[in-house]
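Chemist: Each chain is listed here by its residues.
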Amino acid sequence: MRVTRRDFGRMAAAGVPTIGGWIAAPPQQRAARPAGGQNRSLVNGVQFGLQPFCYHDLAMTRENRPTLIKRLVENGMGMVELHATWCEPRFDGPGIADEAAREQLREWRLNPPAGYYAAIKKEFDAAGISIFTYYVNLNDSHTDAEVEATFAAAKLLGARGCVGSQGLRLSKRLAAFPGKHGMFLGLHNHANLSDPDALNTEASFVTGLGYSPDVRATLDVRHFTAANGDCLGFLERHHARTSSVHLGDRRRNNGRSAPFGEGDAPIIELLRMIRDNQWPIVVLLEFEHGTLRTQVEEVRLMFDYCKRALA
Amino acid sequence: MRAALAPALLCALLAGGAVTAQSVARSDYDAAYLGAPLGDPVLQHAKETYVVFGCAYCHGLNLTPRGEAADLRRSVIVGRDENANLIGPLLRAGIPQTSKLSPMPQFSDLSEQQIADIARWIHYARQRARYEELTRAPLPSGDTTAGRAQFDQACGVCHSIQNDLAGIGGRYAADALRMHILEPQGLRGASSFRIDHLRDARINAGRDRHNALLENYSAAEIANLVAYLHSVR
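Note that the protein sequences, when read in sequence, are chains A and B.
Here numbering that gives the first Met the number 0 is used: position 129 in the first sequence is 128, and no number is missing along the way.
Here numbering that gives the first Met the number 0 is used: position 149 in the second sequence is 148, and no number is missing along the way.
Derived from the structure by calculation, the hints contain no laboratory data.
Fair warning: this is a prediction, and the values are worked out from it, not measured in the lab.
Do not rely on the hints blindly, as some may be mistaken.
Covered, in the sense of this in silico footprint (three residues per stretch, anywhere, with C-beta under 8 Å from a C-beta of chain B), are these stretches of chain A [to be verified]:
1) 192–201
2) 254–264
3) 283–291
Backbone N, C-alpha and C fix where the C-beta goes; we use that ideal spot for every residue, glycine too.
Please model the complete structure; the sequences and the hints are all you need to start from.
Modeler: Right, here's the structure in full:
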């Protein structure tokens, strides 16, 4: 049975107790939650946060960071996965060669201004938001020193790990770094089944997780569903190595993104699974489906859907 | 989608087609991102369909791509598409085989009308982007001979320098001529749905033809056409 957001809201409002068993189950004990203290987006033991790529209309620049924080508070979020571009300066522009801009960024990363990342952490702390993970598009152009600097920056932000969508080959190289910083490397999957190096299936995750105990799965539920993966089975087997899920909805068979409840992702079941097993897996809301509403309003609707799933 | 379109339609009826952002200020329509509803409700619906099914997320609301998505302003497939005959099958199947991080999803569940609306917005947005790009750049000097050959091939079916365009080079400066070629004044405005006026059908056909050309002109081709027509005195 597939329940759309509208149906789900209607059922919850009417107090229907036993449809699919979703509404009736009593709240469970609190799951072990990440460090950072009481958090405004901790819902019945499940820690929520946002992947702010959701704010499609907001360019991910450090200049827009105050707006990002304002929106996160507006959406009731106490945790975030912060993309590096919200923090780092940009060196590209008219008349500047890509290579030159890249080199300037590397230099900056190796020698950031003193107190730079601590000041950013303060901005988020003041708003009651923990930075759970630092999302970085690491690639072959990153030197070892640059990777070290990236983990060091993430640590100063208070992040628990660095996450990226890099392939298996690069992940193998990167797996050696997080342990030195007491952090983890998060592997984020997409739905590209034609690339043997891509994170896309359970088997590819198993390979990646085997590189080091410091590697964790950042399971993107939308893409995993579109790649015909079994999200619930994945968590059952790999919950101990899963740091977070990117929660959104898509249809199977490389299908399109959809509003919560209109795709094939088992969102309600997955949330209940995390809650009932008290797994410390952070749920990061993310959406790519289209909407005519403001992005803040759309996130609010998604979060409401999740809260009803856990009521 | 319909919820946002309804006030736009009502206002269009009341105001004779002119719709203002103020008239549709609503919490469920993100005018800051989507822009004020368009005066033409057919286009507005096409735009909303394009957004609601997630196309704007990767390809951009006005076709400025985000991330690794294809630039539809430069796509050969879009340039050759007529009434979704190429875009439609591609949307239905998606592009599963790709070297990119994310394959393009398939949209097999969309209706024919929804596919047509998405294609309509892609073409419209591409035309606006091409118009802006071609009129913003200084007009380079063109080749009259090449312009004549192009005129014969692309324009000669409907126009003639002996009849409707006789002496046109003396009536317009080169820059103005370029703007008229790209977007003839007589073809501006929303499509007509009157069925009893041959003129409306001809204007619609002319608009479609000019828009199709606009999508695929290069700056050099326009310069050549302008050079040729400006020489017609």
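Chemist: A separate judgement is required for each hint: does it hold in the structure or not?
Modeler: Quick rundown of the hints versus the structure:
1. 192–201: holds (count 4)
2. 254–264: That given contact holds, which follows from 3 residues of the segment 254–264 of chain A lying within Cβ reach (below 8 Å) of chain B.
3. 283–291: holds (count 5)
Checked against the numbered hints above, the structure violates none of them.
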